[in-house]
Amino acid sequence: QKEVEQDPGPLSVPEGAIVSLNCTYSNSAFQYFMWYRQYSRKGPELLMYTYSSGNKEDGRFTAQVDKSSKYISLFIRDSQPSDSATYLCAMNGNQAGTALIFGKGTTLSVSS
Amino acid sequence: EAQVTQNPRYLITVTGKKLTVTCSQNMNHEYMSWYRQDPGLGLRQIYYSMNVEVTDKGDVPEGYKVSRKEKRNFPLILESPSPNQTSLYFCASSLRATGYGYTFGSGTRLTVV
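Chains A and B supply the protein sequences, listed in that same order.
Here the first sequence stands for residues 1 to 112, numbered as in the numbering used here.
Here the second sequence stands for residues 1 to 113, numbered as in the numbering used here.
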């Protein structure tokens, strides 16, 4: 079993839709959970950061972490064409030197 | 502007010709790392550095070298590039190794022929 699993998509939705992106993981030591957005030919940029379990909201974006199920989600409300990108989940633990482990990314396309 | 700067953005080279990809950050971050991104394989860590003069191997270090002589710079060295090192490379930095998000550079697309 891979450490982090992410459905690669592609995912196509109309403008205004609610988008749900998900990752599962196997390492119970993971404590820090992040979502990155990567536009074509660009580096990943940090979108959301969550420590341990719970929800975090930032504008149209909501990140959820369920450590008991080893499952994290990113919800995008009122999706816009500018949200079209690849979304990468990432996570690591407390141990120094632990690499940030990335999912393979889900490609999202929002049509107007 | 806080950023990670990589150079060059694009590079085509021949097998065996030594090359260096530079990476510099202006945020006084302790932690720096190199990743390669390949279709179907995602981002994989090559090397990382916890601080000046402290470096260690990531998941795919074979064929690469790094150095960290100054806090802001973390060059990636390919002493004898091979075609299987054709990839998109990203440098990233973070305040600490864990507990903080990473800031990524814009990437270097390397082709080895």
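Just so you know, the hints here were simulated from the structure itself, not pulled from any lab data.
All values derive from a computational prediction rather than experimental measurement.
For glycine and all other residues, C-beta sits at the position ideal for the given N, C-alpha and C.
It is possible that some hints are incorrect.
As the list claims (entries may be wrong) - In the DSBU-like style, the derived pairs of lysine-lysine whose C-alpha atoms are separated by at most 35 angstroms in a straight line are:
1) A:Lys67 / A:Lys56
2) A:Lys70 / B:Lys18
3) A:Lys67 / B:Lys69
Claimed, not checked - For the chain A half of the interface with chain B, some residues (derived, Cβ under 10 angstroms), not all of them:
4) Gln6
5) Gly9
6) Leu11
7) Gln31
8) Tyr32
9) Leu88
10) Ala99
### Message
Output the indices of the hints that this structure fails to meet, ascending.
### Response
2, 3, 5 and 6
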